[in-house]
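K.L.:
Chains E and Y supply the protein sequences, listed in that same order.
Using full-length UniProt numbering, the first residue of the first sequence is number 1, and each one after it goes up by one.
Using full-length UniProt numbering, the first residue of the second sequence is number 1, and each one after it goes up by one.
Heads up, a few of these hints could be off.
Said to hold, decoys possible - Below 27 Å or equal to it, Euclidean Cα-Cα: the simulated DSS-like pairs (lysine-lysine) are:
hint	chain 1	residue 1	chain 2	residue 2
1	E	K249	E	K69
2	Y	K63	E	K111
3	E	K153	E	K111
4	E	K168	E	K153
5	E	K56	E	K168
6	Y	K53	E	K111
Honestly, the hints are just simulated from the structure, not real lab data.
The structure presented is a predicted model; accordingly, all values stated were derived computationally and were not measured.
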Amino acid sequence: MELGEFERDNAESCRLGSPVPELCRAGPCCLGIDEAGRGPVLGPMVYGVCYCPLAKQEELGALKMADSKTLTEAEREQLFGTLDGARDFVGWALHILSPNLISTSMQQRAKYNLNALSHDTAIGLIQHVLDAGVQVAEVFVDTVGPAEKYQEKLKRRFPELEVTVRPKADSLFPIVSAASICAKVARDRAVKNWTFPEDLGDVRMEYGSGYPNDPKTKEWLVQCLDPVFGYPQFVRFSWSTAQTILESKAVPVRCMRAGFWLLRKTNKSRVRPVPSRDPRSWGFKEENEAPSDTAQYPGVSVSFCPCLDPRNCRLMGITDTHTSGGIFCFGLTEAALKNK
Amino acid sequence: MSESSSPIRLDLSSLRGAPQDVLHLLPCEVEHNGSAPVDRYFTPAIRQGSQEKSVSFRGRSLKGQEVMVPQGYVGLVLKEDQRPCTEEEERTVRLKSTFGTLTIWNLERAPSADDGLLLALSWPGIAEAIHAPVSRKEQ
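Construct all of the structure, not just a fragment, from the sequences and the given hints.
P.N.:
Structure follows, in structure tokens:
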């Protein structure tokens, strides 16, 4: 299993998989879907599918796949090796969702919850396998949310497939067990070999399993907190564990409109601020005062340097080393100033 | 300047030789005035896409665009060492550094030509054009 493509940019998502066995293009196949790393506050969530010809189900059974949760890491690695050895009739594909993608999706303005993200990822993987020429006939899925609703959703999307959504499908159907092993092996490797794009300096990298109840994970979350930036992208900011620590230990961040105001003169010579299109939604009340310093032009006036009056400062910037409610402005060049 | 506020003095002696700074404009206010590990947490995580830059801040997606300060202008980062107690007192701001470009970050969508800041930045060029003397020929 080669995760290089994900490791090159672990801020996004990545799909990867085995070559498609010829047998899977020739006859009807079953396909299992499962996920790994749904609960942890750290690291990616991995969706896995595994498929094989219906005619080869007995051989698959002989590989003795089991629910990945009942296995040790070493046993999972060994079973993944077994699957890899059966590459002439078993294929797999993975979709790795980075923690950054999970954080930004769940916290985006148009809310995108984890269940919807999971369903869309599963649908994308089924389509990906179909596009690769696999003759999928039956699909077995470990449920996310209520099983009936999810099954209906998948059936509507893929009317030609026979879809079975079940809780604990990973221990009921060998093809789902196989998918769960692929997903879990990828998740473990991604977490173990995580390369931080950030430069965390002296922070120790003993972050444990990533589950919120793991004392090592908890300790790491407290230790690596930065009051301004919060956490590296490895942490799922949308998890309540992270949010609780941020609320109590990090500096508050408030929304605001765009830094500059364009003012337009209306009739009766009143100056009316034209705010930027959409108020930033960061879950806070937006501020709504007009800047005080404006340079007037006929018909239009533009606020150029609201920041010279920090009490009405609309600008918030960070320079290489500082954040500041600081003052910056666009001034004239030295030569221009001399001419004045 | 609004009528109520006192004059603000800008000490320009420090303009020559002031260091250049890298500037990012965030769409939010961080209630913190002081040092922050920008070069460790923020800068290395910026990715350059084909259309825009992207990064995340506190688990929120930001899209950015690097823009130049209008021609003939220079960006100044100013610092007020001591804020006077009353509004009537004169205030002095000191030049900390200068900048020629800045990166504007928006929440989730890239800055577009409709953004107030970009519109404002295009104003000096427009102002110059409309106030330029018109030759007889063009009339």
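K.L.:
Each hint: holds or not?
P.N.:
Taking the hints in turn, this is what the structure says about them:
no.	hint	result
1	E:K249 to E:K69	34 Å, violated
2	Y:K63 to E:K111	18 Å, holds
3	E:K153 to E:K111	19 Å, holds
4	E:K168 to E:K153	19 Å, holds
5	E:K56 to E:K168	23 Å, holds
6	Y:K53 to E:K111	23 Å, holds
In terms of the numbered hints stated before, the structure departs from hint 1 and from no other.
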